[in-house]
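For this one, chain A is given, so just place chain B on it according to the hints.
Top to bottom, those sequences are chains A and B.
Just so you know, we're using our numbering here: the first sequence kicks off at 1 and counts up by one.
Just so you know, we're using our numbering here: the second sequence kicks off at 10001 and counts up by one.
Any given hint could be a false lead.
Restricting the straight-line Cα-Cα distance to at most 25 Å, the calculated cross-link-like pairs of lysine-lysine (PhoX-like) are [what the hints assert, rightly or not]:
id	chain 1	residue 1	chain 2	residue 2
1	B	Lys10789	A	Lys15
2	B	Lys10917	B	Lys10996
3	B	Lys10858	B	Lys10979
4	B	Lys10804	A	Lys71
Rather than coming from a laboratory, the hints here were simulated on the basis of the structure.
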Amino acid sequence: MLLSAYGFKVIGIAKNGEEAVQMYKSFTVKPDIIIMDHRMPIKNGIEASKEILEFDKTAKIIFASADNTVKEHALSIGAICFKSKPFSNDKLIKNIKKALELSQSQNV
Amino acid sequence: MNENNNERKKIEEKLRESEIKYRTLFEHAADTIFLVDPETGELVEFNNKAYENIGYTRDEFKKLKISDFEVIETTEEVNKHIEKILRDGFDTFETKHRTKQGEIRNILVSSTVLLIRGKRFIQSICRDITENKNAEMKILESEKRLKDLMEAVPIGISISNLEGKISEVNSHAVNLFGYNTKEEFLNVPAQVHYYNPKDREKFVNLLEKGIVKDFEVQFKRKDGTMFWGALTSVTQTIGDKTIFVNTFQDIDERKKAEEKIHYQAKLVENVSDAILSLDIDFNIISWNKAAEKIYGWKSDEVIGKNLSDVIPVEFPKDKREDVLKDFFEKGYWECEGIQYHKNGKPINILSSSTIIKDVNGKPTDIVTINRDITKRKKAEVKIIKEREKAELYLNLVNVILVALDRVGIITLLNKKGYEILEYEEGELIGKNWFETCLPPHDRERVYDYFKKLMNGELEIVEFYENPVFTKNGDEKLIAWSTVLFKDNYGNITGLLSSGEDITERKKAEKQLKESEEKYKNLSVELETILDIIPGMVFCKNKDDIVTRVNQIFADSLRLKKEDIIGKTTFDFFPLEQAKKFRNDDLEVITSGKPKLNIEESGDFPDGKMFVITSKVPQYNDKGEILGTIGLTIDITKQKIAEQKLRESEEKYRNIFEKSSNAIVLLDFTGKIIECNSATETIFGYSKDDLIGQNYLQLPFYTESMIKVLKERFQAITKKSGLKTQELEIKKKYGNIARIKTNISYVKIGGQNFFQAIIQDITEQKNAEEKLRKSEEKYREAFERAELYKDLFAHDISNILQNVKSSLGLLSMWRNNPEKLNNIDEVMSIINDSIVRGSKLVSNIRTLSKISETGGLLKNLELIQILKEAIKFIRKSFPGKNLNIEIDSKIDGAFVEANELLMDVFENILFNAVKYNKSLKIEIITRLSKIVKDGINYVKVEFIDNGIGVPDVMKENIFKGRSTRTEKAHGMGLGLLLVKKVIENYNGQIWVEDRIKEDPSNGSNFIILIPEAI
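Excised from the complex, chain A in its bound form (with noise of 0.2 Å):
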């Protein structure tokens, strides 16, 4: 609904790292960004971080947890920022805009 409220468009919602996982790779119209949780039953947001990287290394992907032991690890395997719960939905606007502009600008 929040992203939703800001004009984007929402392909895909993972109950899980495992079912994100296979969705990314099943999309043939790749999402602009993808936005990661890391608590997740079956596989993690880390582990499921690295394999659509390892996928696709062009994808965008924010992370979003309320632990934040984890934002170093997060980000040394290639998501573009680290969100900490709770964060404001214009924060969130603000960095999926931004990390546009980079997918943007890297296509040109």
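This is chain B only, laid out in the frame that chain A set:
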């Protein structure tokens, strides 16, 4: 020239004269002379006597060769003889020549080798000695006849000179004097043959006066014995030499007979015996003077009377009738008896009676000779006594007494002699001493000495040592002392030797010498041995004077041995100690018994010493006590060690007894040798129950434990490394204890034992268990707290995030009328987040409560609680189309639980509603009772038509953290809480698919809770 002619003529004249002279001698010589060519054997030259002497003419002889008239030698022998003469240059020999008439003549030949004009010839001069030979033969025959005559006559004949040299002797004389051969006799001077040397001088004196005829003289045989001989000698002078022709006659028998006759005659002259003649009825016919003197009866008083009336005879031993019978049978009678003097005095007589018979053998008279032997009898008694005394003395003396005659025959040997020589008494009398009683190797030497001694050629040696040879073949050494026996003439007749058997003494002397030598060595050895004995050795006499000490004793007093010897105990030790030592010595000396192992102490230069002393009496060879011999061993170190040991023992005994650990000492069979008080405490048995029992047979252990212990004992024996072992035992009164045993291998007093150290670790184990449980509890609590913290932080963060995001949207949309419809949805999210937050807080509180209280259980009716929970869920989801039914196959279900059971039901029902996308949410709660593993449970099933639980999550759905399910997500600690509560009830919970093998089509949460009893 003329002078030379004259000289030559003179020489020629002389030669001519010489030739004529020798030619004349040659031709007119009385002997045969011929010259023989040795090469041909021919006679090349000879004189007239040569052929005349053997009856040939010159011409005949000229043709002969030597072998033609030579009788003894053959032609070959003649030739060899010629060769010998040629080799030697001359020869003189006798031979025989045959005359032409065949007569044999004895010829003495003298041959010489002559060199005539370079050629060798043999000149032989032959003298006819036939007549000389005949005369010689006649003389020899005459001599032989004379010698035969000398040998034939039965008297001894010898020829000697004044000096006593005997030149001729016949065999009779040789035999008479006891010699073996004539040569032996001839080598002995005539003086030796006289028994009395003076008789020789007497004989020579008589001979100077003319012929000596029948000179009776005592001669001496070779063996030294004497015999009487009659010597007749004639002096003959041959040339300037004077010889004595002697004849000897053995008149020994005659002389003895004469001596006897002389004795008898003398006896008759001096007769002192009563001579009686009696008729056959013993009537007295004659009675001589001696009879008158002996019996006191005059002849005329007794003539005609019967002998028994005058001098009846008492026969001390025999009956009168027997004596008379024997007398008449034998014809003579001799006895000793007692008769009486006229005055009644008894007379010992020696009576000899003979029956006189006529030519027809008829008894006519009796001649009785009675000798008064009263004095002799008395003397005899005395002599017997004396002899017995002498014999006693002889036999008493502890020396051998032996008397030998001149030739070495034993004439006396005392009892000791027989004893020494190992013969029976009397066995040696008459035996030759040298052959019988001297060792073979020494006989000749001693006998030679003896002979010389007997012949007066040697002086007697007063003392000497000679061996004797016993009957049993042993040698004994005797120290002899000898005196010679001599007769009235001074002639040596034998000897008496006394000897002491010094065999043993000599042996003893030898042994003593050896012993002394040995003792010298022994003394040095003893000194050395004493010095190396590890103790103080001392010898003291009865007066406490030290006579010997060893080096250690001297060292202990820091003195030299020589400074100690000769002093007393009181010189070295304080008074009281010295008194003590002295009293011990006196006790040993007085009792004669050793005093051993006296433990005492003494002040020595190095300080106080603890010693152990043994004292024994010292004896001399007579068994008298001389003093004491002592050995003192320094036991100071031992004493100190003992003290330390005692202290150590006490210390360790205290440790042993006070130890809280059981200490058990076992032998190799497992038998308990010793144990301490803690053993009693730990096992509940007294020491008396335990000591002597087999450790492995006590009822502490199970069979399996005993097996383990046995293996441990074996491992210890093999010295394998061992670890401490913990075991559970049953004590005497059945209570269980846990022990820790440590078995080791110990050596005590040289013996090997097992030592078991047992620690009662029951309390320790209980404490450890408590601690472990506590640790587990706290660890779980910690983990739980960590989990709760984590979950709480995460879930709250998410709730807050939802609220924050919702508020952000509300803020963004509040002035936008198009979004008013969306505001309700955002408000709903906020409200939902609040509910979730509340539930999360409630769950956390409940979990804390369970952890704190452990959850006290009580009997609760389950269905009622379930109905309350359903009611709560319906209220919680008013907008949901819910159909919750209870399918109960039981009327009542009482379980052991608490008020948290409501939370369990609410959590499960909440999830069933929350995770259900069906338009109509269907939930069936089914109740039943089952028995599982012997326990009665109430079974509650929550069957929903929700999204289901994937198989991979079914196992982990009730665990926390990373394994949390999606269902747990959003409701916080729901299922973890549920599981904890159910486990607290000793119940079980799991999830199944509503439709088998279809996990996406609803789930069935099943709970078992033990039924209340």
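Q) Which numbered hints does this structure break? A) none
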